[in-house]
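Make a model of the complete structure from these sequences and hints.
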Amino acid sequence: GAVVSQHPSRVICKSGTSVKIECRSLDFQATTMFWYRQFPKQSLMLMATSNEGSKATYEQGVEKDKFLINHASLTLSTLTVTSAHPEDSSFYICSAKLAGPPDTQYFGPGTRLTVL
Amino acid sequence: KQEVTQIPAALSVPEGENLVLNCSFTDSAIYNLQWFRQDPGKGLTSLLLIQSSQREQTSGRLNASLDKSSGRSTLYIAASQPGDSATYLCAVRNSGNTPLVFGKGTRLSVIA
Chain A
255 GAVVSQHPSR VICKSGTSVK IECRSLDFQA TTMFWYRQFP KQSLMLMATS NEGSKATYEQ
315 GVEKDKFLIN HASLTLSTLT VTSAHPEDSS FYICSAKLAG PPDTQYFGPG TRLTVL
Chain B
3 KQEVTQIPAA LSVPEGENLV LNCSFTDSAI YNLQWFRQDP GKGLTSLLLI QSSQREQTSG
63 RLNASLDKSS GRSTLYIAAS QPGDSATYLC AVRNSGNTPL VFGKGTRLSV IA
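Those sequence lines, one after another, are chains A and B.
Each residue of the first sequence is one higher than the one before, starting from 255 at the first, in this note's numbering.
Each residue of the second sequence is one higher than the one before, starting from 3 at the first, in this note's numbering.
Incorrect hints may have been included.
What the hints assert, rightly or not - In silico EDC-like pairs for lysine to aspartate or glutamate, Cα to Cα no more than 20 Å straight-line:
no., chain 1, residue 1, chain 2, residue 2
1, B, K3, A, E313
2, B, K44, A, D342
3, B, K44, A, E276
4, B, K70, A, E341
Claimed, not checked - Footprint (simulated), chain A over chain B, 3 or more residues, beta carbon under 8 Å:
no., region
5, 44-53
6, 98-105
Hints were generated in silico from the structure; no laboratory data involved.
The structure presented is a predicted model; accordingly, all values stated were derived computationally and were not measured.
Beta carbons: idealized from backbone N, C-alpha and C, even for Gly.
Here it is in structure tokens:
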């Protein structure tokens, strides 16, 4: 099956710094990528949808200036958490989707962000 | 707005038991439904995907059913094993272009 990778798998940073998370589709071209966030013992909450070459669409309540998403190519999307705060500590999971049926979403392994 | 609910939130069973996990969704006009497994601190593993035109899907000891009109799906696990212990997530998609919407999951513990 299709493989999605994320890097880094774990990151610890100081409050106020910015962190970039990469999401790559390794063996397919993803026209659409999604970014989810998961707090402990909670489900995955969609943050934004990005299509290659266009601006991301953010869900209500997600600050687009804080969570910068760049979908520069059909195999790479990045999420940058700017001026991170402890409340941004979470598990971030990306997902990539092929165009057309069956429209399966393939998920990355996630990135654990801890902001001190 | 689509909402997905999973019951129970947590379940503990002895090894060997058959069990059923429930998922319900508010908007029955779905495109497909997917069941995932998530181990603690890990990403998602896709278990079964049911298209809106299908009634069920089977993979090994797992069977997922879909009743779109009533907005329900069940995941049946036969002869449970300790290795089945994980959180099981149900997610639905309303169209081919929209993202999956997740339930909060059922945390399963299978006791040896």
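Hints the structure fails to honour: Failing hint: just 4.
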